[in-house]
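> The lines below spell out each chain.
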Amino acid sequence: MKRAPWRWSALTVAAGLALTGCASGTGSEASDETEFDSAADVSGELSIMGFGAGDEIGEVRLDEAKAAMPDVDVQLVEGDLDIQQFLSAVAAGDPPEIVYANRDQIGTFASRGAIVPLDSCIEGEGIDTSQYRESALNQVTFDDQVYGIPEFNGIIVTMANANLLSAAGLTIEDVNGSDWDAMTAATQAMTVGNGGSLQTIGVDSKLPEFLPLWAKANGVDLLSEDGRTANVNDPKVVEALEWAVDIYDRQGGFSAVKAYRDTADFFGAENQFATNTLGAMPMEHWYINVLNENSPTAPMAFDTVKDREGNTLSYATGSAWAIPADSANPEAACRLMKVITQTDSWLKAAQARVDLRAESGQLFTGLLTGNQDADEQIREMVPADAPEPWISAINAMYEANDAAFSLPANPADAEFKTAWQDAVNRVLNGQASAQESLDQGQQEAQDALDEAWATWDDEQG
Amino acid sequence: MAATTQTPPDALGTSRARQAQRRNTRRDTRAALLFISPWLVGFLVLTLWPVLYSGYLSLTDYDVFNAPNFVGLENYRTLFSDETARLAIGNTFYFAIIQVPLQVLVSLALALLLNQAGRSSGFFRTAFFLPRMTPPVAIGVLLLLLFNGQSGLINRVLGLVGIDGPAWTTDPNWIKPGLILMSLWSVGSSVIILLAALRNVPAELYDSAKVDGANFWQKTTLITVPMISGALFFVFIINSIDALQSFTEAYTAYFGSGNTTYSNDAALFYSIYLFREAFEFLNMGYASALAWVLFVIILVITLVQLRVSKRFVYYEGEQR
Numbered sequence: 001m002k003r004a005p006w007r008w009s010a011l012t013v014a015a016g017l018a019l020t021g022c023a024s025g026t027g028s029e030a031s032d033e034t035e036f037d038s039a040a041d042v043s044g045e046l047s048i049m050g051f052g053a054g055d056e057i058g059e060v061r062l063d064e065a066k067a068a069m070p071d072v073d074v075q076l077v078e079g080d081l082d083i084q085q086f087l088s089a090v091a092a093g094d095p096p097e098i099v100y101a102n103r104d105q106i107g108t109f110a111s112r113g114a115i116v117p118l119d120s121c122i123e124g125e126g127i128d129t130s131q132y133r134e135s136a137l138n139q140v141t142f143d144d145q146v147y148g149i150p151e152f153n154g155i156i157v158t159m160a161n162a163n164l165l166s167a168a169g170l171t172i173e174d175v176n177g178s179d180w181d182a183m184t185a186a187t188q189a190m191t192v193g194n195g196g197s198l199q200t201i202g203v204d205s206k207l208p209e210f211l212p213l214w215a216k217a218n219g220v221d222l223l224s225e226d227g228r229t230a231n232v233n234d235p236k237v238v239e240a241l242e243w244a245v246d247i248y249d250r251q252g253g254f255s256a257v258k259a260y261r262d263t264a265d266f267f268g269a270e271n272q273f274a275t276n277t278l279g280a281m282p283m284e285h286w287y288i289n290v291l292n293e294n295s296p297t298a299p300m301a302f303d304t305v306k307d308r309e310g311n312t313l314s315y316a317t318g319s320a321w322a323i324p325a326d327s328a329n330p331e332a333a334c335r336l337m338k339v340i341t342q343t344d345s346w347l348k349a350a351q352a353r354v355d356l357r358a359e360s361g362q363l364f365t366g367l368l369t370g371n372q373d374a375d376e377q378i379r380e381m382v383p384a385d386a387p388e389p390w391i392s393a394i395n396a397m398y399e400a401n402d403a404a405f406s407l408p409a410n411p412a413d414a415e416f417k418t419a420w421q422d423a424v425n426r427v428l429n430g431q432a433s434a435q436e437s438l439d440q441g442q443q444e445a446q447d448a449l450d451e452a453w454a455t456w457d458d459e460q461g
Numbered sequence: 001m002a003a004t005t006q007t008p009p010d011a012l013g014t015s016r017a018r019q020a021q022r023r024n025t026r027r028d029t030r031a032a033l034l035f036i037s038p039w040l041v042g043f044l045v046l047t048l049w050p051v052l053y054s055g056y057l058s059l060t061d062y063d064v065f066n067a068p069n070f071v072g073l074e075n076y077r078t079l080f081s082d083e084t085a086r087l088a089i090g091n092t093f094y095f096a097i098i099q100v101p102l103q104v105l106v107s108l109a110l111a112l113l114l115n116q117a118g119r120s121s122g123f124f125r126t127a128f129f130l131p132r133m134t135p136p137v138a139i140g141v142l143l144l145l146l147f148n149g150q151s152g153l154i155n156r157v158l159g160l161v162g163i164d165g166p167a168w169t170t171d172p173n174w175i176k177p178g179l180i181l182m183s184l185w186s187v188g189s190s191v192i193i194l195l196a197a198l199r200n201v202p203a204e205l206y207d208s209a210k211v212d213g214a215n216f217w218q219k220t221t222l223i224t225v226p227m228i229s230g231a232l233f234f235v236f237i238i239n240s241i242d243a244l245q246s247f248t249e250a251y252t253a254y255f256g257s258g259n260t261t262y263s264n265d266a267a268l269f270y271s272i273y274l275f276r277e278a279f280e281f282l283n284m285g286y287a288s289a290l291a292w293v294l295f296v297i298i299l300v301i302t303l304v305q306l307r308v309s310k311r312f313v314y315y316e317g318e319q320r
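So the protein lines, in turn, are chains A and B. Going by full-length UniProt numbering, the first residue of the first sequence is number 1, and it counts up by one from there. Going by full-length UniProt numbering, the first residue of the second sequence is number 1, and it counts up by one from there.
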């Protein structure tokens, strides 16, 4: 009888080992039988993961796609792309037919064979890639192959409180980044209180997330154009970080500023601009809508962010459509990504938003689609007589959109991002100097890139 | 004439009885297995299998998308030279070493108070347990609000007594103390367990002590604590395991929805590092090795606790 537990244990271990032998990934093979043809009818099921058609822009375009594929049963897995959910589906051999991801995830997915190159899809469906913004297309182009169809462009503009600026004898040009000394002086001029007694944040340089912006403003990218070499500890990045951290230090340190900004009613009527508790900050353009809806009378001033030469620049982010390696219906997936990102679909969606805004008496502030043709035509829908300061905001937004840059696709984006963000955080937390921390960040980022590229290069032979 | 062996009637009866007993035992076993089969299947498929599988994965380079590539003990070698893993282990031990005794002490103090509450103890029992029902993600967000260095409730209260509170959520020196204090939010379940144990302490012991002139402190240390040492040990061991696996609150506050870009090394617990390796960097093989090392750490600590407990824990009815 005493042998029974051993027998059970042996059986369990044997079963486990046998089952582990069955373990496998999806591999990276795309089906050779897939034929993309814009004239062909598509049918079957199409499960979309990561796309929450939560507003009129998503709903109208999705309806357009459904109308173009009447025989396809489109099903949404609501919400942003949940990596755990996606991984589980892939591991179970049942990935969705199409995924909607952040553009910066595309390189990683592509390098691991989780998504397929779209060359044949683009050719077969006749997708005109020249319509997409270059910075957006770069983010989904990995090792010279397009792996995603981009949409939306999130860009950054300078937002400021006009009353605080004028009270300090300043203008928006003093806080748009064109002159770092002037921006530092503006910080001191507008800040009220210090540290624990902070009452007004003069300038928020938005670290850690905007380090790539300030590095670019100082003339350097954090990552080389081919995505293989990190420039995290470039002297110009060190200089940019030291300056951006100094902005916080002059207000009592990052801890104090962050603690204070965390208390703001960021999405409400009592936001930091409406309550005169923030002088200026660079911010993603979607926040223009938040301000316009919730505090339309806030004393705002807008401009683009400038580099140190005075040229407009912006850091762009966005989303992309991609086809998983084992997609059961790549033809329908390709058709959907074509229709949903084409100019006509964007125009219809924009019109729906214009109508909704008009109904609620609000201003249509434009839409950045990632599609150049659509952007230009949608801009025409913005009322010509839009009042200040919102017309300045819209102009700044479109100007920044034309000057946007992005970090290139690479196979270790999450590790790379973590490396430079951790480096910034160590400085903000007072754990290391900018040079020390960025040196460590450079090492971590380059190690991750080297390992990931080596794996990719080996696989490519 | 062939010799025949006849079984004596008594022996025959005994043999039949044994056979019948074995049949009954087998029948009972089958019935028992049938009744627990839903749990058994769940355990095999959802617990044992993933545990075994992760053991195999810990010996591979695996990113989910591609087949696991056997690398032997490479992941473990990497782990033992990984400075971030060392940092995460250090943070986790710091948290556990302070949080667990504090949690037990606070639970015991509250349980003792509740035990004195008389008729109103039901209300207070519910009141103390309710925070336990708060989802851990909400606790993580709550932490950022309550412990905000500028306007958080904690610093406001400290301000009333003239103390300029620290930057709990951004200063690396105060991140873990903040997390430890916040963990007391969910002290309710331990309180209920200890209260139940307190209710089982025979009243005669207190009566005898009273006759002997014992004060409250003497009654607590010489009667109450020894008599509920079994429950105390249970609470201690469960909280130890929980603390070593601490994840959600710290992740939410410093790595997840509370802060999408700002993070703090001081809050990097071992489970958070494991999660990031698995689901952010897709190093599933390395993450599996991290998980197994955590399992071994917890197992060793639990065995040590069990060993030590033999000297301090009293179980009613136990013969020594």
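Treat the hints as calculated values from the structure; they're not laboratory data. Just so you know, these numbers come straight off a predicted model, no measurement behind them. Do not rely on the hints blindly, as some may be mistaken.
[Said to hold, decoys possible] Which residues of chain A face chain B? A few of them, derived with a C-beta cut under 7 Å, are:
1. Gln84
2. Gly113
3. Asn429
Every residue, glycine too, gets a C-beta built ideally from N, C-alpha and C.
> Now look at each hint and say whether the structure bears it out.
Comparing the hints with the structure gives:
1. Gln84: holds, 5 Å
2. Gly113: holds, 6 Å
3. Asn429: holds, 5 Å
Consistency with the previously given hints is maintained throughout, with no hint failing.
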